[in-house]
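S.K.: Sequence:
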Amino acid sequence: MTKSIQQQIEAMTFQWPDFKLTEQYDQSATWEGILAPDKREHLVRVRYRIPMVLEDYSLRDVQPKVQVLKPKLERHLDYEEGPIPHVYRSEIDPSLPYLCLFSPSLREWSMDDLIADTTIFWANEWLYFYEGWLVTKKWRGGGRHLTPVVDGAKELEAI
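Adding 26 to a residue's 1-based position in the sequence shown gives its number in the numbering used here.
No lab work stands behind these hints: they were computed from the structure. Certain hints may be false.
Quick list of in silico lysine-lysine cross-link-like pairs, DSS-like style, CA-CA up to 27 Å [said to hold, decoys possible]:
no. : residue 1 : residue 2
1   : Lys164    : Lys91
2   : Lys46     : Lys96
3   : Lys65     : Lys46
4   : Lys98     : Lys164
5   : Lys29     : Lys98
6   : Lys91     : Lys65
7   : Lys163    : Lys91
8   : Lys163    : Lys65
9   : Lys46     : Lys98
10  : Lys164    : Lys65
11  : Lys96     : Lys164
12  : Lys29     : Lys91
13  : Lys65     : Lys98
14  : Lys29     : Lys46
15  : Lys96     : Lys65
16  : Lys163    : Lys96
17  : Lys98     : Lys163
Since the structure is predicted, the reported quantities are computational estimates derived from the model, not experimental observations.
Work the whole structure out from these sequences, hints included.
M.R.: Here it is, written out as C-alpha cells:
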C-alpha cells in the first residue's frame, strides 16, 4: 500500500531525527540532513512527491530525489565512468544532479516503501562509493546506469 506523506514524515522523524523537514505539502515533502559515510560530511536534500491518481507516471518519475548540496559533487571528465557516475541530470540546476540509488526497471523501490528504510541508507552507501571513486577513479559501488548519447551512439544515461 502506498505510504502517505504523513507516514513518510513520521518514519523520517523517528529514524533520522537530524534530518529536518524543510517543505511539506499535501502530497510532497522535502528533508535536508547530514550523511557522513566516511567522516566527510555531506548535506543532502531528499524530495518526494506522491503523484495525483490521474497522472501518467513511471517509477523513475516518482522515486525520491536525492541531491548533495554541500560540498557539491566533483566533476572529473577524465575518469572512466564519466564526470560523476550514477547520477541523473537536474534540469532545474545541472550543478546539483540527482543520485542514482537503484534501478527503476528492476523495481527495487516502490511507493509502498519508506524513504527512511531505503533511500537514506542507499544515499549514504552511494556517498561512500563516491568518496572511493574520488580517490581511485573507479566506481566500486556496482549497479548499472545509462549514459548520454555520445557521438551519435546510444549508451548508458548519466552526466
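S.K.: It remains to establish, for every hint, whether it holds in the given structure.
M.R.: Hint by hint, here is what the structure shows:
Of the pairs offered as hints, the one joining lysine 164 and lysine 91 holds, with about 24 Å between alpha carbons and a cut-off of 27 Å not exceeded. Between lysine 46 and lysine 96 the alpha-carbon distance is near 15 Å, which keeps this suggested pair within the 27 Å criterion. Proposed proximity of lysine 65 and lysine 46 is supported: the alpha carbons are some 20 Å apart, at most 27 Å. As the CA atoms of lysine 98 and lysine 164 are separated by approximately 19 Å, the hinted pair is consistent with the 27 Å bound.
For a cut-off of 27 Å, the pair hint linking lysine 29 to lysine 98 is broken: about 31 Å separates their Cα positions. Restraint check for lysine 91 and lysine 65: the C-alpha separation of about 23 Å stays at or below 27 Å, so the hint holds. A C-alpha spacing of about 25 Å is found between lysine 163 and lysine 91, which places the hinted pair at or below 27 Å, so the restraint holds. Between lysine 163 and lysine 65 the CA atoms are separated by roughly 19 Å; this keeps the pair inside 27 Å, and the hint holds.
Taking the CA atoms of lysine 46 and lysine 98, the gap is near 19 Å; set against the 27 Å cutoff, the hint holds. A threshold of 27 Å between alpha carbons decides the hint, and for lysine 164 with lysine 65 the separation of about 20 Å falls inside it, so the pair holds. Between lysine 96 and lysine 164 the alpha-carbon distance is near 22 Å, which keeps this suggested pair within the 27 Å criterion. The straight-line distance between the Cα atoms of lysine 29 and lysine 91 is roughly 16 Å, inside the 27 Å bound, and the hint therefore holds.
For a cut-off of 27 Å, the pair hint linking lysine 65 to lysine 98 stands: about 16 Å separates their Cα positions. For the proposed pair lysine 29 and lysine 46, the alpha carbon gap of about 19 Å is at most 27 Å, so the pair holds. For a cut-off of 27 Å, the pair hint linking lysine 96 to lysine 65 stands: about 14 Å separates their Cα positions. Note on lysine 163 and lysine 96: the hinted pairing holds, with a Cα-Cα distance of about 21 Å set against a maximum of 27 Å.
The hinted pair formed by lysine 98 and lysine 163 meets the criterion: a straight-line CA distance of about 17 Å does not exceed 27 Å.
In summary, the structure is inconsistent with hint 5 from the numbered list given earlier, while agreeing with all the others.
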